Every structure is written in structure tokens, then in C-alpha cells.
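Q: Here's the letter readout for the chains.
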Amino acid sequence: MSPEQAVLPAPAADDSRAAAGHALALLRLMLLIRRFEEKAAELYSAGKIRGFLHLYIGEEAVAAGVMQTLGPDDAVVATYREHGQALARGISPGAIMAEMFGRANGCSRGRGGSMHLFDASRRFYGGYAIVGGGLPIAVGLALADKLQGRERVTACFFGDGAVAEGEFHESLNLASLWKLPVLFLCENNLYAMGTALARHQAQPDIALKAGAYDIAAEAVDGMDVVGVEAAARRAGDLVRREGRPFLLELRTYRFRAHSMYDPDLYRTKEEVDSWKQRDPIPRFRARLEQQELLTGGALEEMERVIEGEIAAAVVYAESGALEPVDDLLKDVYSPAPA
Amino acid sequence: MSPEQAVLPAPAADDSRAAAGHALALLRLMLLIRRFEEKAAELYSAGKIRGFLHLYIGEEAVAAGVMQTLGPDDAVVATYREHGQALARGISPGAIMAEMFGRANGCSRGRGGSMHLFDASRRFYGGYAIVGGGLPIAVGLALADKLQGRERVTACFFGDGAVAEGEFHESLNLASLWKLPVLFLCENNLYAMGTALARHQAQPDIALKAGAYDIAAEAVDGMDVVGVEAAARRAGDLVRREGRPFLLELRTYRFRAHSMYDPDLYRTKEEVDSWKQRDPIPRFRARLEQQELLTGGALEEMERVIEGEIAAAVVYAESGALEPVDDLLKDVYSPAPA
Amino acid sequence: MRTTYRAATREALRAALRSDPRVFLMGEDVGRYGGSYAVSHGLLEEFGPERVRDTPLSESAFVGAGIGAALGGMRPIVEVMTVNFSLLALDQIVNNAATLRHMSGGQFSVPLVIRMATGAGRQLAAQHSHSLECWYAHIPGIRVVAPATVEDARGMLPAALALDDPVVIFEHASLYGLEGELADGAGPVPLVGAAVRRAGRHVTLISYGYSLHKALAAAEELLQGGIEAEVVDLRSLRPLDLETIVGSVRKTQRAVIVDEGWRTGSLAGEISASITEQAFYDLDAPVARVCTAEVPIPYAKQLEDAALPRVESIVAAARHLIGRG
Amino acid sequence: MRTTYRAATREALRAALRSDPRVFLMGEDVGRYGGSYAVSHGLLEEFGPERVRDTPLSESAFVGAGIGAALGGMRPIVEVMTVNFSLLALDQIVNNAATLRHMSGGQFSVPLVIRMATGAGRQLAAQHSHSLECWYAHIPGIRVVAPATVEDARGMLPAALALDDPVVIFEHASLYGLEGELADGAGPVPLVGAAVRRAGRHVTLISYGYSLHKALAAAEELLQGGIEAEVVDLRSLRPLDLETIVGSVRKTQRAVIVDEGWRTGSLAGEISASITEQAFYDLDAPVARVCTAEVPIPYAKQLEDAALPRVESIVAAARHLIGRG
Ligand SMILES: Cc1ncc(C[n+]2csc(CCOP(=O)(O)OP(=O)(O)O)c2C)c(N)n1
Ligand SMILES: Cc1ncc(C[n+]2csc(CCOP(=O)(O)OP(=O)(O)O)c2C)c(N)n1
Ligand SMILES: [Mg+2]
Ligand SMILES: [Mg+2]
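Residue numbers (the numbering used here), protein chains in the order written: chain A, -6 to 331; chain B, -6 to 331; chain C, 99 to 423; chain D, 99 to 423.
In case anyone wonders, no lab produced these hints; they're calculated from the structure.
Small disclaimer: the values here were computed from a predicted structure and weren't measured.
Some hints could be false.
[Unchecked claim] Examples of chain C residues lying across from chain D (beta carbon under 10 Å, computed):
#1 Arg116
#2 Gly363
#3 Phe378
#4 Val385
All residues carry an ideal CB built from backbone N, CA and C; glycine is no exception.
Work out the full structure: start from the sequences and follow the hints.
A: Set out below in C-alpha cells:
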């Protein structure tokens, strides 16, 4: 699929949504994710963050747009590339940064790291690092909601690479067969590590595959935050109303390498640059300026505040205690029942 | 899917194929499979055959029709319900019966039993008893042919239940992505053990699923041996010509329980009877009589010969030696290389 | 009341479904078919299709869905028809069920029960005869039990459901027909803790599941020769109750472990190593193992019989230890 | 010539692809990406996309396809990026690769090599830090090896390809950077057989893979205290070379097994049991094990370090055995 094909205009009907405060909040959120990850990359090079680090830079519009449409009772299941989802869901930058520092004040007490962010209070059921592994979990969360008569949506993020896994197939069939409220969100960034979509999918049109499970689907430009939000809202409303799954394909691109280990040999500079032309942040900013929703030094002010938040997050992380080694075996099993 | 929907007329264009000798051979083969399995069921009750025994009775037209279209260099991968495929591929009734008796003269030396029939000389790569487990094997056999520049087809039989497994999804994608000559043959008998198709597939139209992999597909009446052969030939020719996979769905029905352990509580007698009305054997016989290809006492003669063959097969099995217990560890590993 | 292992398991399922609305059962053919081993027969009729759910052939998805449903507040009982098919669900069990509590810093737990039939002995050949309990017993984060009696078949399930951890219950397919006495109103039993099923002075036979009954038969036979064997039923495979195991061996100074798993890398090996670590100086002879021969289980009866632990081989191993072999 | 474990592995792959047209390499990102650990870097350019095949994320299908291709006359080398993902392919490996020769009465064989990275130590947390070699070593019908040196990285692959059996090669991810001497024209090495990597009189340290190097470091340290440790590298995990292992222990009368697997049900347990079975009366003290703590590997460095075998703990265990602990 060429970049061109991936461009769909954001439905005009939804532009109204992008009004004032909400629009600025969206911009702010995307900026926060971007700056947070730029800092994370810096701290990784400095050796403060270890293990695997997968950056979301370029894909911010997806998490930012989708998360607007979820309520506090809805559930989120994500992948190892989930800083954006975690921040968009409201987990504090400090708790996430501390997690990546491996500190006890991290959102997983330092036991998970970048790939395994959790927050029970926000029904953020974590980052899953086995590709495709989160899909059955999302199906089960939705099943629990259905069995308990709760009208909730489980939002399940996964990449284009996950579509090749058997668990994608089994999970979509099960969710549709049992009429479960799962919003399947495929972040199609055209690559599974170094393997281009067309080299891992015989049929690269992912949304089309939903038909094999009698699931409704749509593909949207994942670089347009307004369009993403609108599509996610349409899809989520349908999931809520009909209690059935929906597959939303978000066509996006990662600007950075797959992980900090990736030499990025499999893409041309031209391809990456052509996608950077469609960077969701400047694109949205331009739109707001044009609509005069962003004026004067507002952006600079926003950047300044975010810079402060991130600096504070780093301080919070630095200041976090290390889990004592004596607690190594904690939380392997539950305390025996009374 | 109701029995009605499953009925497709056999393409008239192909009736010519059903001429004389070939037609009688088809009838004879279906009868051989039927009588062989009736005897196997009897011997199971008598305790001569043990383990699991899955009967193909009612589905004979599928193996009989498909196997006509394969050459000696083509490969066959089957399931645990594979007596029909084995007989149709030319493995002798004696070798199969002996295998089910657990004798050293069985086609797997008594190590496999009913679910694991093998014959290297016929490129019969065996019955696989883990549902879906044979599909990746078939993909690999086709890959070996492609890499060695051999124009061969690998015929891969599996049931409707296997369609729900992740391996179905992964295997069809891989076969299509790599343009491998696999003829996927889904024996849709409407049940996976006691679970009806509509209760295990959100989208019960199996042929339709091929689109998700950019694979061509067709669904045919699996109770009509002529139609099956014609469709398998069309599909096989395409696989051979284009070196791409094809999914052929064969709509059929098993008249007996899933296995000898199955109380068969999940189907009504009416449903089973309505399908028995479409028994492929009387149906084809009637057609041959009407076309005066089957006359006088020909059928009785055929039955008599088959009865003799099966009696001989039982004698062969009875007379087979038991693998000596001292050879228990044989064929776990290859003899060390010279 | 006289009952069978199958009926006791069914009764445990029924009682759980009755007493806790969070409990539901899902798996292949648990409903309309009545369970591939007829364990869940009648439960669909009593509890309906919402709580007794037939699944497609999708082991990874429905086991994973069990994990998700547990995260979502339910108490799922997932039946994986047999351990042979559980290989398709191992990623979900090992990478998700076993890790979520720890990876989340204790925020989440996975109160999931997974039941599966295990074992060989019915001429089902290489793909349908696995005994992989040892694999599961290796994984921190899950608990593993193997009921070998009707009491445990009835009592371990409710005990497992009372915990917030994932519990895997192995039911040897050859045990479903086992008959035994069950006290009326029998309920939960302790999940952990080995049981001395027979007292003896000369040698300890350690086993679990179906093999336990071979060990008990061997003990009978040994008695004819004047050898009094103590028989320990592991009951819980993870955690292991080494206190009871080692306690018995300290007394008898000799141990034979009977395990249907293949010998190399068997649970028997782990137990042998642990006994030696803790009771080396009390041992009169090295701990012996009676396991399955290292071969994909063949179909032919004489070959399968030769591959599996037999009463004679247990008796011989015990006699040998005592120097009467 | 001075080289690295990574380069030696790459050279082994290159030589195999050059010398045998039946050999091809497939796996996730082995081609364009250059291999997730850069092992196969450059091979796509040299051998082309037909013989160096990038696969979709479909572990079960491409491992199964490797089995099928082996049945079809090829000599596939399948790279499963890491053992963590191999859980998704276990059904194919255990139920098909390991059984086909036996189930078919010897008619078919599966000359397949499966390579996978294994191990922890890089702060990759619970889902990316498994050491499940012991699981594989339990399965009859497959062979399992763990090259720990550049010679073995270079030589075990061709030795595996020369066999008609499925062979699983475990490459500890922390070894790829290991430097060592490789003789020019170095080729195949015997696949089976343990190696005494260091001679000693007082205690035998038994290990494999990356842990071997911890054992060697411990031996150095022990020497400071006058303890001469013999270090045995298992090399082959299935079959185990008990002759060499037991031979060494008979000599030193004391053994410490170092294994990155979780302790319960570890390969170390199997080896401990086997040593005791064969050399009980030669043992001066019970065989000791230094394994990984029973916890899903945590991300935080201090916790991961505490969970894994350390040189100090090996030294302490050895000293304790000798009564100088
Ligand atoms: C089952 C499994 N196989 C392989 C890997 C290694 N791996 C990690 S991410 C990745 C690519 C995933 O691509 P995609 O699903 O498109 O997500 P993206 O990284 O593009 O966001 C691979 C192969 C893994 N984590 N899990
Ligand atoms: C992975 C796996 N899960 C479960 C089983 C148990 N089982 C054996 S056959 C069967 C039903 C398969 O149905 P289908 O694929 O339609 O084939 P059919 O028996 O109808 O020919 C099941 C569930 C199995 N053998 N393998
Ligand atoms: Mg991607
Ligand atoms: Mg079927």
C-alpha cells in the first residue's frame, strides 16, 4: 500500500468536534507524547532507561484521537509500543518515566518496564510484548463485561504485523461469534519490524479481512487526529450500541526505528521523509492556526508547560526508590486466602 | 448453513467425465471405503481395533473425487479421519487394516494406528490428529517443491473445525504470500465434534474467507462425486498452472458419530436422515443405472469382490506380526550418519 | 456415597456454577456434546449457554479469553480438552496468565482455573498421549494440581476457584471411571499438601494422578514379599510439598518416584534432586525413578504398555533399592 | 582468527547455504532487517530472497512449513527469533517434528534445524527473558544443543544439518558479542558430547550456554581460595553426555550445576538426579544447583540480577560443598 492510498480525507462532518478547547487539548496531548518520547530516547542513550524501547513518534494521532472516545469504564489493551496509549489514557508522565527507570514509583513498580505499563485505576490492562498476545485478553475482558451486563467497550490496539498471527484470526472470530464489545484497533504503520506489509500479508488490505468474521470495519488516515477521533467515535458507538466488535484500521507510520536496536536498513530515507511531510502534529497545528484556534504564543506556551511536565517526570523518576531485592518474589502469587 | 444451501448441482459440463470405466471405478472406490469402514466399526466393537476411530461414512465422494485428479508425484496431507483418503490414494486395505490392528505389516508398522496412516511410496504424508496441524506441513511440502522447481500439487484435507484454528489463517496467508501450490480442501461436514458450524464460525461461509488471503476459492456439493472431481480438477489445474494455492470447500456430512466414543447427542435424527437421502453412493449408482453404465448384476458383483478384498485385508491384518517390544525405541532418531 | 471421579468432577463444576455467579465454564464441546469425557454432561441444560460455553477450535483465543475474563472480574473455568492441545495455548498461559500479577506490580490478578485431561494408556498414539505436567510445574506464577481420588476431584476445583491465582488442574483420562466413596456434602479440600495414601516403613513410593494407583497396587504386591511401602500422593505439583515427601523418605530412607512423564526432564527428576538435596545423609540408596520410556507413545498395545510405568517395574525398583531385587 | 559468536554463527549459515542447495534460511526479519541480532546480516544480499526468506509473524505456520519442507527433501534452517515466541510453535515441534519418524514407522524423517535466541540478563522483563531449554530437552525425537563458544557456534550448525533429525539450537542472546579464536577453515564439530572446559580436582561445575562463562569465572575466583574447580560444558542438552558428567563428578566427588532456568523442574534437576543415580556412593555431598529464582523475570536491574545465577552464588555453593562456605 503506497502512502498515497493511505490518505483519506478526515470526514468534514466531524470538523466541528475539533473546536477550541478540545482541539487544543488534542494538540497538547500529541505534543506531550512526542516530547515525552524524545526525552525517553535521550535517556535511553544515557543509559537511564534499559531493555527494549519502542517509540511511537509519528503515530501520536492514533492514541490521541482514539482515547478521546473512551470513557473511564472502558478498558484498554495495548502493545509494547504503548507510551502514547498510556499517556493518552491519563497515566502520569512521571509514573511512566519511573517505570522505565525501573523504580518502585513506576506504574508497574518497575517490574514491567517500557513494554509493560499497567494502571488498574484507569482500566489500562497493559502493554503486551508477545505480538498478538493482547487480542484474546481483550476478548475476555469484553466477555466479562457482557456476562456482567456492563455496557463497556474494550479497546484493543495492535500492529499490522499482529494480523498475521493465528491469535488475530481466533480472536476476531470469537469476538464476533459471541457478539462481544471489542474495538479492534490495527495500527497499520506498514512495517512489522523490517518486514513491509506487502511482504507479510498476501492481502494487504487489513480492513477487508474483517469480512471473514462478519465484522464491520473501516480504514482511516492515522495521521489525521480529527479523522481518527471521528472514526473511533463512530466505531465505538456501534460497538456500544450493538454489542458487537468492530475493526478500525489506522494507517500510520513510525518515524523512528522499530526499537533502539534497529539499524533501520529496510526503508529509504525518501519514504520516511515523505511520511514526515504528513506529521500529524504540524498538520493539526496548521489547521488550528488557519482556523485561528491557535494564536499568538499559545504554542510556545504549550511547549513550555510540557517541557516542565517532562522535566518534573524525570525528577519524579530519578527520585523513585528501587524495589528492595528482598521483595523479589513479591506478587508472583496472591496472598493465601483468609 | 442448512442442508439445502449446501446443495449445488454438479456442473453439467463435467458429466462426460463420468463415462464408463472411470465412473465404475469411482463407484467401486466409494463402495470400498464404505464397506471397509463398516468392517472397521465392527472390529472396533470386537476389540480388534483400539484407540480412536473416526469414520468417513457419508463423505466418501470427497476423497474419491479429489484423488482422481492427483498424480503420483503430488502429495497428500490428511487428518485423523483419513481412511477414505488413504484407500483412494491406493494404500492397500490390508496395510490400513493391519495398522489399525497395531501390526508390523501395517502402513505405519503399527506405531500410528487409525489416526496416523503413512505411505512414503505414495507421497501420503499422513494423518494428523491435532486439528489444523497438517496445514503448515502442506505449505512446507509445497515450498520444497517450489524451491526444487518441481511442478507438483500438495493436497491438504482438513475439516470445518480446523478453520477456526490460527494455523488455518497463518497457513493460507503464507501459501498465498509465497505463491505455493497447495490445494486446500475443506471437508465441511457442518460439525466440529458436537459443535455446529454456525456455533464455531461467525461467518459460516468458508470459501468466502479465502478472500482475506487473496486466494481463489469455490464451494461444491461434497455428496456428488462427479461434481467434486470436476471442481478438484479445475482447482488443481489452476494451482498447477499458476503455482498458487486454492481453497476448495466440500459441503458434506458424516452419517456416523464423530468417533466411536461419541453419543451423538447434538444432532436430530431428522437432520441425519435428511442427509442420508443424499448418500453419495446410491445417488451415483442411480445416475449410472439411469445412464445404463451400471447394468445387470454388475453392482452385486462389485460388492462381492469388495467383500472378498476386505476379508483378505482382515486376514492380512490378523496374520501380521506384532512389533517386538525390544524395538520400542526404534525410529525415534535416525541412525547416526556415517 | 459411592461415586466416580467423573461424577465427582461434574458435581464440583455444578456446585461452583450454582454458588458463584462469576463462575462460568468454557471449552470445546463442554456443552451440546456433553464434554469429550462426559464430565460436563447436563451442565448446559442446567446453566444455559451463557455460562456453559462451547468454543470454536481456538485454544489460544479461548484460554486467553479466560485470562481476560478473569481480569474482568469473572472466575472462569476453561476446559482444554487434553494437554495435547494445550500446546497451542502455552503462550497465553506462560506469557500472560503466569506473569500479569508480577509484571503489573501486583495491580492485577488472574483467578482462572484451567482443566485438562492428561496421560496415555488408551492407545491414542503419539499426538494424543502426552503427560506434560512437568512443563507446567516449571512455571512460576501458576499453580498445578493433579487430583487422583474422588475427594480431590470434588474438592480441588472449589479450592482453586477460591484463589486469585491461575490454577491448572490435570485430570488423567484413565481416572474418570475410577470409583470411590465421597462423603455427602463433601466440599473443598486443601489445594496444597501431599498426602500419605498408605503408611509403610521400608520404602516410599511417590506419585500422582493415575500413576498413584499403580504405586498403590505395587505396594500391595510388595507386602506379599514383606516389604511395607509408604505411598505419597503429591496432589499439588506446584508448589511441591517437600516437607511431607522428605519427611517420609527420612523415615524409610529409600524412595521410588513413579511418573508417567518421559524420564529425562521429568517431574520425577526434580523430586529426586530435591530429596537428595534435603535428605542426602538419610538416604540408604539413590532415589529411583520409574518413568515413561523416551519415545513418542506408539499405538500398538504391547509397545504402549512397554513404554509406560508398570506395577512390575515399580515393584522391581523398590525391591532393588532394598537389596531384594 | 579472532572472531565473535555472532560472526561465527553467520559464517556457519553462509557456509551451509553455499555448500548445500537444499539448505535455506527462514524466519522473522532474517532478510531485509538483517536478523534481529544481526546474525544473518548480509545473507539476503548474497543468497537472495528464495533462500533467505523473511516470514510473517506466524511462528506455528513457518516452523510447520520448515517441517514440511524437510519432509519434501530440503534442509531448512528456521530461525525463531527468541525462545519466548517459540511457545507459539510448540505444537508443530512436539506433535509433528518430534513424532513423524516414529509415527510413520520410520518412513519419514525431519532434517530440520531450528535456531532460537534464549535467556535473560538484558532487562527485557517477563515475556522476553525465558530459558526453556529444559522443556525442549524433555522431548524424545528432537535433539537440543547449546553452543557456548565460537567453535561450537561455527561447528554445531553443520553437524546438525548433517543429521536426519530435528535439531534445536539455543543461542543465548548475551553470547553474540563473545569474542574468541576460531581456526581458519574451522568446520563441523561433534554435536553430542560434553566438554571439560577447565580441569580441576575439588569440585565439578556443570553448565551450558551463557551460564558456562559464569561458571568459568567462578572457577577463577575459587582458585584464589585454593579450590580447583573442573568446569563441564554440556554442549548437548538432549541427549546428555552423562558419561563425561559423571566421570568428572566421580573424580571430584562434588558437583554444582549452573542453569539459567527456573530451579523447579530445571535441567539442573535432571542432571542432579542422574548424577545421584549413577554416582551416589562417590558423592561427598549432595549435588548443588544454582538456578534462576522462581519469578517472572522483572525489568528492574537489581531485581533481574538478583533473580539470575551469579558468579558469587556459584562460588558460595562450591565453597559450601567443600565445607569452606
Ligand atoms: C510472537 C512474537 N513474534 C516476534 C516478536 C518480535 N517482534 C517484536 S515487535 C515485532 C514487529 C511487530 O510489528 P507490528 O505488529 O506491525 O507492530 P509495530 O512494531 O509496527 O507497532 C516483532 C517481530 C514478538 N514480540 N512476538
Ligand atoms: C487442536 C485440537 N483441539 C481439539 C482436538 C479434539 N478434536 C478432535 S477432532 C475435533 C473436531 C474437528 O472437527 P473438524 O475439523 O470439522 O473435522 P471433522 O472431525 O468434522 O472431520 C476436535 C475438537 C484436536 N484433536 N486438536
Ligand atoms: Mg507495524
Ligand atoms: Mg467437521
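Q: Identify every previously stated hint that the structure contradicts and give their numbers, smallest first.
A: Violated: hint 1 alone.
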